[in-house]
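**Q** Sequence:
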Amino acid sequence: AAAATVGVCVSSFFPSGCNCRLHCSVVPSANAIELTQPSSNLIQMYDTPRNSIMDSFFSWNMATGMEDYEMEAQPYKTQLFDRLFDSLSRDEVPVVIEVGMGTLPNAKYYSQSLASKKLKGLEIVGVDPNDSMTNFAHENAEKSGLLSLPGTSIRTVHGVAEALPFEDNSVDAIVTTLTLCSVVNPDRALSEILRVLKPSGKYLFWEHVLSETDIGLATQQKLLNPLQVVLADGCHLTRRTGLTIQNAGFGEVDLDCITMNTSGIIGPTVVGIASKA
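Quick note on our numbering: the sequence shown kicks off at 13 and runs consecutively.
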């Protein structure tokens, strides 16, 4: 089998076209998923101009400041990704889209699950509006060994959750971890996730939420929310994302509530896997 390749294609879908960054290459599979162009109306509504200095600072902070969080998350995420990979086909190379890919802290879970579940390979496409994340994502993919696994390819694409650049019913699974807190329109984002998932496709989610059990923490979240939105790339502390997912129209939602003890105002978290009918 061919070795993995990484294509880092950061495309804004504006008339200027695709601006390729480092390590750009063609995905080796003839069946690689094709990107589509979202409507100009959706782009104008949701993929708004960004501050490159703030983007660089936020991506650096996510790359260097989340070690304790990810260490605590590891046992939970390991189980969650194992469950996701149990559902993927062994007869073909599945396509997984990570929306809000960020610095790709989940790379090690893809590597671990691929190795243990004996899939033929995996096609991963990361979607993120912050182009400064790309270099960090590539570094994490390399560190995890993901790029050396046979039959595996990974691309990163500029885009937003509310206007995913994929055809209807084209994707085997979608992953969001700490993503729906910062999208402009969570309902629209989940509608897009449902649109592009194949029938019976899986949606793995890991999202911090407003505390429903600690009144003091919830009050703190509400007070700090305006500042958090400004400083943390639109991140909201007061969303009830679990309810939003449960009401989005999935055929089945398997959801758990956990508390990340090292994480303060982003500690309350909903995790699980939803299935498209």
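Please keep in mind that the hints were generated in silico from the structure rather than gathered at the bench. One thing to keep in mind: the hints can contain errors.
Pairs of lysine-lysine residues, derived as DSSO-like cross-links and limited to a Cα-Cα distance of at most 30 angstroms, are as follows [to be verified]:
{"hint": "1", "residue 1": "K120", "residue 2": "K155"}
{"hint": "2", "residue 1": "K120", "residue 2": "K210"}
{"hint": "3", "residue 1": "K155", "residue 2": "K130"}
{"hint": "4", "residue 1": "K120", "residue 2": "K89"}
{"hint": "5", "residue 1": "K129", "residue 2": "K155"}
{"hint": "6", "residue 1": "K89", "residue 2": "K129"}
{"hint": "7", "residue 1": "K120", "residue 2": "K130"}
{"hint": "8", "residue 1": "K132", "residue 2": "K89"}
{"hint": "9", "residue 1": "K120", "residue 2": "K132"}
{"hint": "10", "residue 1": "K120", "residue 2": "K234"}
{"hint": "11", "residue 1": "K155", "residue 2": "K89"}
{"hint": "12", "residue 1": "K89", "residue 2": "K130"}
{"hint": "13", "residue 1": "K155", "residue 2": "K234"}
{"hint": "14", "residue 1": "K130", "residue 2": "K234"}
{"hint": "15", "residue 1": "K132", "residue 2": "K234"}
{"hint": "16", "residue 1": "K234", "residue 2": "K129"}
{"hint": "17", "residue 1": "K234", "residue 2": "K210"}
The following label-pair restraints were derived from C-beta to C-beta distances [claimed, not checked]:
{"hint": "18", "residue 1": "T225", "residue 2": "D80", "range": "31 to 39 angstroms"}
{"hint": "19", "residue 1": "P211", "residue 2": "L267", "range": "33 to 41 angstroms"}
{"hint": "20", "residue 1": "T274", "residue 2": "P211", "range": "36 to 44 angstroms"}
{"hint": "21", "residue 1": "Q86", "residue 2": "N43", "range": "29 to 37 angstroms"}
{"hint": "22", "residue 1": "K129", "residue 2": "A44", "range": "35 to 43 angstroms"}
Predicted model, so just to flag it, every value in this text is computed and none were measured. Backbone N, C-alpha and C fix where the C-beta goes; we use that ideal spot for every residue, glycine too.
**Q** Decide, hint by hint, whether the structure agrees.
**A** To see whether the hints hold, each was checked on the structure:
Of the supplied pair hints, the one linking K120 and K155 holds, its CA atoms being roughly 8 angstroms apart against a limit of 30 angstroms. For the given pair, K120 sits about 25 angstroms from K210 by alpha-carbon distance, which is consistent with the 30 angstroms threshold. Between K155 and K130, the direct Cα distance comes to roughly 20 angstroms. Compliance with the 30 angstroms bound is thereby established for this hinted pair. Under the criterion of a C-alpha separation no larger than 30 angstroms, the hint pairing K120 with K89 is consistent with the structure, at around 10 angstroms.
For the proposed pair K129 and K155, the alpha carbon gap of about 20 angstroms is at most 30 angstroms, so the pair holds. For the hint linking K89 to K129, the alpha-carbon distance of about 16 angstroms falls within 30 angstroms, and the restraint holds. With a CA separation close to 15 angstroms, the supplied pair K120 and K130 stays within the 30 angstroms bound. For the proposed pair K132 and K89, the alpha carbon gap of about 22 angstroms is at most 30 angstroms, so the pair holds.
Note on K120 and K132: the hinted pairing holds, with a Cα-Cα distance of about 18 angstroms set against a maximum of 30 angstroms. A distance of roughly 34 angstroms separates the Cα atoms of K120 and K234; the hinted pair therefore is violated under the 30 angstroms criterion. Distance restraint check for K155 and K89: the Cα-Cα separation of roughly 18 angstroms lies within the 30 angstroms cut-off, and the hinted pair is therefore satisfied. Annotation: proposed proximity of K89 to K130 holds, straight-line Cα distance about 19 angstroms (limit 30 angstroms).
About 37 angstroms separates the Cα atoms of K155 and K234, which puts this hinted pair outside 30 angstroms; it is violated. Note on K130 and K234: the hinted pairing is violated, with a Cα-Cα distance of about 45 angstroms set against a maximum of 30 angstroms. Restraint check for K132 and K234: the C-alpha separation of about 46 angstroms exceeds 30 angstroms, so the hint is violated. Pair hint K234 plus K129 does not hold up; C-alpha atoms about 42 angstroms apart against a cutoff of 30 angstroms.
Of the supplied pair hints, the one linking K234 and K210 is violated, its CA atoms being roughly 37 angstroms apart against a limit of 30 angstroms. Checking the proposed 31 to 39 angstroms range against T225 and D80 shows it is violated: the Cβ atoms sit about 22 angstroms from each other. About 21 angstroms separates the C-beta atoms of P211 and L267, a value inconsistent with the hinted range of 33 to 41 angstroms. Under the hint 36 to 44 angstroms, the C-beta atoms of T274 and P211, about 39 angstroms apart, fit the expected range.
The supplied range of 29 to 37 angstroms is met by Q86 and N43, whose beta-carbon atoms lie about 33 angstroms from each other. K129 and A44 have their C-beta atoms about 21 angstroms apart, which leaves the hinted 35 to 43 angstroms range violated.
When the structure is compared with the earlier hints, violations turn up for hints 10, 13, 14, 15, 16, 17, 18, 19, 22 and for no others.
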